[in-house]
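**Student:** Generate coordinates for the entire structure from the input sequences, incorporating the hints supplied.
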Amino acid sequence: MAHAEVHDHNTPLEYQSETGRLNILGFWIFLGAEIALFSTLFATYLVLMYRTADGPTPHELFELKGVLIETFLLLTSSFTCGIAIHEMRKRNRKGLFVWMIITLLLGAGFLGYEIYEFVTYVHEGAALGTSAFWSGFFVIVGTHGLHVTMGIAWITLILIQVARRGLTPQTSAKVFISSLYWHFLDVVWIFIFTAVYLTGMVLHNG
Amino acid sequence: MKWDEFFVTGDPLIYGADVSIGLTVIGLLFYLTYFKKWQWLWKEWLTTVDHKKLGIMYIASAVLMLFRGGVDALLMRTQLAVPDAKFLDAQHYNEIFTTHGTIMIIFMAMPFLIGLINVVIPLQIGARDVAFPYLNAVSFWTFFIGAMLFNISFVIGGSPSAGWTAYMPLAGNELSPGPGQNYYLLGLQIAGIGTLLTGINFLVTILKMRAPGMTLFRMPMFTWSALITMVIIVFAFPILTVALALMTFDRLFGAHFFTLQGAGMDMLWANLFWLWGHPEVYIVILPAFGMFSEIISTFARKVLFGYKAMVWAMVLIAAYSFLVWVHHFFTMGSGAAVNTAFSISTMLIGIPTGIKIFNWLFTMYKGKISFTTPMLWALGFIVNFVVGGVTGVMLAMAAADYQYHNTYFLVSHFHYVLIAGTVFGCFAGLVFWYPKMFGYKLNERIGKWVFWLFMIGFNVCFFPQYFLGLDGMPRRVYTYSAASGWGDLNMVSTVGAFLMGIGFLALVYNIYYSFRYSERENTGDSWGLGRTLEWATTSAVPPHYNFAVTPTVEGLDPVVAIRNDKKEVTPKLADIKPIHMPDNSGVPFVMASFFFVAGFGLVFEWYWMGIVGLIGVFITLIIRSFDKNEGYYVSVDEIKETERITV
Chain A
1 MAHAEVHDHN TPLEYQSETG RLNILGFWIF LGAEIALFST LFATYLVLMY RTADGPTPHE
61 LFELKGVLIE TFLLLTSSFT CGIAIHEMRK RNRKGLFVWM IITLLLGAGF LGYEIYEFVT
121 YVHEGAALGT SAFWSGFFVI VGTHGLHVTM GIAWITLILI QVARRGLTPQ TSAKVFISSL
181 YWHFLDVVWI FIFTAVYLTG MVLHNG
Chain B
1 MKWDEFFVTG DPLIYGADVS IGLTVIGLLF YLTYFKKWQW LWKEWLTTVD HKKLGIMYIA
61 SAVLMLFRGG VDALLMRTQL AVPDAKFLDA QHYNEIFTTH GTIMIIFMAM PFLIGLINVV
121 IPLQIGARDV AFPYLNAVSF WTFFIGAMLF NISFVIGGSP SAGWTAYMPL AGNELSPGPG
181 QNYYLLGLQI AGIGTLLTGI NFLVTILKMR APGMTLFRMP MFTWSALITM VIIVFAFPIL
241 TVALALMTFD RLFGAHFFTL QGAGMDMLWA NLFWLWGHPE VYIVILPAFG MFSEIISTFA
301 RKVLFGYKAM VWAMVLIAAY SFLVWVHHFF TMGSGAAVNT AFSISTMLIG IPTGIKIFNW
361 LFTMYKGKIS FTTPMLWALG FIVNFVVGGV TGVMLAMAAA DYQYHNTYFL VSHFHYVLIA
421 GTVFGCFAGL VFWYPKMFGY KLNERIGKWV FWLFMIGFNV CFFPQYFLGL DGMPRRVYTY
481 SAASGWGDLN MVSTVGAFLM GIGFLALVYN IYYSFRYSER ENTGDSWGLG RTLEWATTSA
541 VPPHYNFAVT PTVEGLDPVV AIRNDKKEVT PKLADIKPIH MPDNSGVPFV MASFFFVAGF
601 GLVFEWYWMG IVGLIGVFIT LIIRSFDKNE GYYVSVDEIK ETERITV
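Line by line, the protein sequences give chains A and B.
The opening position of the first sequence corresponds to residue 1 in full-length UniProt numbering, with each subsequent residue numbered one higher.
The opening position of the second sequence corresponds to residue 1 in full-length UniProt numbering, with each subsequent residue numbered one higher.
Certain hints may be false.
To be verified - Simulated pairs of lysine to aspartate or glutamate, EDC-like, Cα-Cα distance not exceeding 20 Å: (1) B/K208 to A/E18; (2) B/K577 to A/E18; (3) B/K628 to A/E18.
Derived from the structure by calculation, the hints contain no laboratory data.
Treat the numbers as computed from the prediction; the structure is a model and nothing was measured.
**Tutor:** Spelled out as structure tokens, the structure:
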């Protein structure tokens with residue numbers, strides 16, 4: 001593991017150490033694996049779409065309003081996350097903190113709505129064990145929700161490291177990688193919004 | 001839960017296993033304490049992040065698992081040797097074929113190959129280590145812990161018995177009650193984390209850490225095969241992760257993915273399993289192809305014939321591997337059109353594979369062949385693998401498959417490809433690179449005994465099974481009647497299996513014998529015929545850093561060029577600079593131990609224990625994240641001493 005440092009000021013901080021560059025590439029490959037993981041869940045969900053047994057159908061329970069709010073919160077958080085990285089590249093630690101914390105708050109708001117949604121469904125008679133369809137629903141949306149939870153915890157821990165050690169090639173690579181993860185969750189959500197909610201409300205009409 | 005439900009009771013074989021496990025553990029504890037080896041064990045092995053040591057640990061574990069899976073195989077063959085045998089009952093037999101299959105694929109073949117990849121690949125590309133040494137240790141320990149969790153099932157709680165394919169609803173709560181199937185789900189899940197991390201690690205290592213001048217098309221074929229294998233791992237393992245998680249939800253939390261109630265779909269499991277499972281068989285064959293390419297080219301003293309064709313053949317095989325999974329269930333009602341599509345896509349794989357076979361043959365053509373042990377394994381591979389491949393094409397014909405699916409014909413086919421391909425490959429690679437790991441060769445004379453015993457045993461065991469299959473003997477049956485007429489061939493097959501067992505013992509003896517008596521080496525090029533960079537550094541490879549000075553590559557087979565030009569290999573004193581290396585870490589071992597706690601808790605549905613384990617895992621993650629892990633420098637003096645530079 002050589003430590004070839006680059007001292008060109010045009011190179012972003014996170015790419016200046018060899019470790020940083022390797023970690024970023026490694027994380028991109030990890031995201032490739034995550035795409036395979038979510039693809040499998042989407043395939044499972046779509047295969048089980050009409051298998052509601054005697055339980056409620058998605059058409060009966062899905063509500064556009066909550067889903068739109070969730071979508072709005074998460075998409076905005078991706079935008080603020082982008083600004084945070086922009087601030088980081090300007091070596092503005094305070095800007096990075098402000099925008100990252102806004103990002104985390106938006107993420108937490110998203111999670112709050114999702115938990116509320118899950119509780120509502122369970123009260124209306126749709127739980128993990130109700131039917132194959134609801135098993136699929138809770139696992140795909142829940143897996144995404146779990147990722148968001150982990151993302152919030154992870155970014156928080158990294159911000160603590162930045163606060164302690166300042167913006168170094170090491171800490172900035174960590175911030176950058178966690179931002180890739182956050183944007184990825186946003187992309188996955190767009191697919192969930194389409195394949196789970198819109199499809200469930202529209203195609204499952206009869 | 002009562003104690004007699006916790007421990008498996010009532011079977012003399014199991015009591016025997018209990019006693020032998022107890023004695024082994026006591027013996028190990030005594031040895032470590034009496035010879036004061038605990039600190040050595042912790043410092044040199046349990047906390048190491050060195051790719052060569054991790055590779056050796058992978059291989060050692062795999063050999064251990066080969067023993068376990070082999071004993072399973074011999075128990076099965078003993079039961080089947082004669083009609084109406086009473087050696088094992090049906091349930092015990094089911095458990096044994098399940099663990100045999102799972103262990104051999106997941107905990108023997110894959111780790112053996114990953115172990116060799118770990119040892120060799122960084123050396124072949126002229127790197128000091130892998131891209132993520134710490135992650136490499138996490139990979140090993142999660143694999144090891146997953147394997148151990150799976151292995152203790154047969155004495156604690158009971159083994160899974162639904163086959164290594166774990167088809168639903170057979171693997172569901174109604175038909176497989178108890179913790180057995182949970183062991184399968186969690187053992188594989190934990191080990192799978194390690195495999196995925198290995199995939200990412202080696203992709204980055206091979207893409208980013210090659211020596212200067214080593215372009216993609218100057219990479220050794222084994223490195224190529226590893227690169228392509230890692231791509232398959234990265235895209236196939238998440239599918240297994242999801243499938244195992246979904247079945248875990250079914251079994252533990254009442255979900256209905258694969259159940260018969262709640263509109264679940266049992267065929268969904270078969271699809272997901274083989275969508276991972278078919279690429280998996282290429283994960284365990286492509287690295288073997290890579291090794292055979294190196295070995296054949298080395299001992300035929302010729303450049304590998306059709307280098308680029310070999311690479312593209314592997315790329316095609318990898319791509320096709322994701323497109324053929326339905327051929328594992330032609331008879332389960334997919335319909336003629338679907339079967340036709342998958343029949344054709346399956347046969348297509350024969351084309352790139354055929355290209356590779358011919359390239360190996362052309363490499364040997366007019367070569368000056370040395371019949372060393374690794375070369376014998378390679379030659380044995382070509383002949384036997386072709387037998388397995390041709391019968392594979394027979395099975396790929398969907399219409400004909402209706403005749404011999406689920407018979408011993410199939411059993412014979414996949415053993416011919418997996419043993420002749422993967423196991424021969426592992427043995428060949430082990431012998432070939434043994435000096436790189438330990439600084440001396442395995443004894444060639446005993447090695448040839450191992451080869452002939454195993455090779456003959458293998459054919460005596462599995463060739464009759466083609467005919468048993470054509471005679472209609474189904475797989476997975478624990479006994480058969482004398483009237484079936486299958487008795488004679490089964491007896492022959494069992495004799496062959498025991499011959500393979502003797503071959504394995506000869507291998508173990510060879511390891512011991514060579515440790516005691518083999519001549520120690522002081523050159524790097526152990527066989528005198530090496531072609532790739534690993535032969536340009538000392539044997540065994542210095543513990544810290546691989547290459548004193550990073551080599552520069554000007555073409556294929558750089559060591560041949562060095563040998564022919566009589567170049568000086570010893571690095572010049574002026575070129576030596578301090579080398580930065582990562583620190584050892586105990587965190588991966590501790591993290592994996594917490595995974596064990598979590599897995600064991602979930603197996604018995606003791607959720608408090610599962611949660612404690614998972615919290616432990618997260619704490620170790622956080623500890624690692626806050627660790628600055630700056631590493632250390634190997635000093636010039638130390639390098640001079642290791643490289644025996646006296647100037």
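**Student:** Work down the list of hints and note, for each, if the structure agrees.
**Tutor:** These are the hints, each one checked on the structure:
{"no.": "1", "hint": "B/K208 to A/E18", "in the structure": "holds (10 Å)"}
{"no.": "2", "hint": "B/K577 to A/E18", "in the structure": "holds (18 Å)"}
{"no.": "3", "hint": "B/K628 to A/E18", "in the structure": "holds (15 Å)"}
Hint compliance for this structure: every hint is met.
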